[in-house]
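As a plain string of letters, each chain reads:
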Amino acid sequence: MNLIEIKNVYKQYKNGTTALCDINVSIPKGDFIFVIGATASGKSTLIKLLYRQEKPSRGDVFVGGINVAKLKNRKVYKLRRKLGIVFQDYKLLPSLTVYENVAFALEIYGLPEREVRKKVMNAIEKVGLKEKFRSYPDQLSGGEQQRVSIARAIVNSPKILICDEPTGNLDPDTSMGIMEIINKINEEGTTIIMATHDKDIVNKYQKRVLTLEKGILISDKEKGGYLK
Amino acid sequence: MKAIRILFNNIGDAFKSVFRNFSLSLSSISCITITLILVAVSIILSENVNKFTDDIEKDVTIVVYIEKGTSENDIEAMQAEIEKLSNIDSITFMSKEEIRKDMANDSEGIGNILGEYDEETNPLLDEYLVKVIDTEKIGTTASEIKEMENVNTIKYGEGMVEELVKIFDVVKKITVIIVIGLIVVTAFLISNTIKITINNRKRQIEIMRLVGASNSYIKLPFFFEGVILGFLGSIIPIFLACYGYIFLYQKLNGILFTEVITLVNPDNILYHLSVILILIGVIVGAFGSYLSVRRHLKI
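First to last, the sequence lines map onto chains H and X. If you use my numbering, the first sequence corresponds to residues 27 to 254, in order. If you use my numbering, the second sequence corresponds to residues 61 to 359, in order.
Just so you know, the hints here were simulated from the structure itself, not pulled from any lab data. What you are looking at is a predicted structure, and each value in this text was computed from that prediction instead of being measured.
DSS-like, lysine-lysine: derived pairs with alpha carbons at most 27 Å apart: (1) X:Lys279 - H:Lys117; (2) H:Lys96 - X:Lys262; (3) H:Lys240 - H:Lys230; (4) H:Lys225 - H:Lys247; (5) H:Lys144 - X:Lys62.
Just chain X, with the same shape it has in the complex:
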């Protein structure tokens, strides 16, 4: 009972002190708000870059052209052989007839030219469309397929794909570093601001020690205060991030510049983002103030 009363006293004290030291609380809250807005923006950016690179990587396909006159049995055997390779995600067969129709549908001119051929004289080749699991190893997989029998040629945008994958990898790493960096900066800024707040309350801590408050009793309200400040500081960034991103998403119809770049659906990101922002605010706030108050407990 006594412990519960002390705990509630502590939480009550934390609330009181947030309002009593309002100007200092406000500076802590605004510091948390500003840094969390930056964190939110960089998380949204990084999620979108990730989605874009994933989309592109998913689209990368090895086209395997099959030698003219290969029997149906051999074609099937080739599929089994390709499926045996370790890096294969999916494999689809396209007959030359299907390809001819597709091409004719895509462009009238080509349709006219190809219309002159029938099934027998179709100059195109049957093909397999192979998607790989790890795009970075696409070169190895492609060369393994090339070695197989009845393969005429293969194409996968040699060179360009590897370059693209490398660039995306760097971009992804950079965005992760930026997000982590921002979180560290946030932690530093918040704990610094709280340190100033606490320096201003040295006297309060000193008196608490003198009237016989134990160290943990002194630390607890500051801990709760940090939680409250962190929570309050994360409200505006959450609203800005959610409404801002939804607005942007609707305004742009979910795409950026071209249909190749589709944006992450707000439903898939904003819940996590809100939870992450609250957690960063609360955890950094709580520990920032907890650690700062410790320095003053040696009186």
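Extracted from the complex, chain H is given alone in its bound form:
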């Protein structure tokens, strides 16, 4: 069974803009998928549907067996606990240290402190920030902050990692560093869905690529590259 199933999905915003039009995608477990397209192509909307930041106007979105389209607002946390999400703007809390930012995602489970420490340090080590776990976000570079946000996303070992333009604010070298980490997470079995603008990354990694244009899925290629 596919981990993510998007069936006949339409999304129309209240102002009348059609962001997505009849999208059908199946994503099996362990896949690595790039979602590409120009600004306003609908890729952000598609990503947002997966973690129920947006609801489809029509159609169904199944993520790990949950129908996101029918998920009530107060039940959203059940979906998000299955996911790790990485954003372009990192979304870190400036008043918390690296360690605390990562541990933040585990607090909700009420785990014993020892277990929390083990998992958090493990995640921080995976993204190569072991030396800086006591630093605050504003003492870190952009790339380092994004690594903290990845550590937070994977600390609970999610089945799916959703990345919304994770390298959008970073220079090419740093972006490649981030991609290596994400790729490694995928190799360990986590399904990755990543929206991006970065041609170099898409062309280098040769993964499955979904290309959107004006809300329509114009191409879905295994080992594809950036069109045009």
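Please arrange chain X on chain H, whose structure you already have, making use of the hints.
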């Protein structure tokens, strides 16, 4: 076990966040402090006004002058008849001899004049001093007594008492309205300040939602934080009210201007007042923040 751990995490988080967002916490606390001081002052004022009006009302007496030559039996029968009326609190008999002695003690001049009379020739009248339960109905009670046999005249400060009672009633109502109004204003101010605090932490709430925190999990620390802020905000008003009022009470020897106006003993008011202030602070703080955070949970 897990639930307890989550609860303790929540309380811990609330404490941490009070100190981490110290400047915002301080503004919430000072807002609570200032409004609670006003509440404390108005409660103390209202208690004193109440005591004063109660004291005055308790002092209001109907003096029933008994017709000269009424037999002892008839006098006793009159007492029984008065006691039968519904609005009677107490009734005391004063013989004309007692009254003569009292008056003579009060003033030497009158003593001299009254000294010329003996028990037989005493020109004064025997009287009943009647206290009523409800001062507002004193007029009706007085006229009922006036209708009875062997009653010469009655006096109760007609007109003035009714006026006074009406005024006191209005004053009491006004003080209650002021206190309630202040409590409402406090609630509004506190929840507004906390709303600002929470607006500043939209990001934190957003991230909590994104990492899979349930709504109740997000709301709880804010609830506890409100409790802590409310509690901290009520400390200074309590100290000010208690020490301030005790100081004032001692300085004035328990009376205001004249001995007619006695102040409420601090022992009778300050414990309740402290509990009320803490409760207002804590409840308003907790619900203020609980309700404000709800608006941000629709992300």
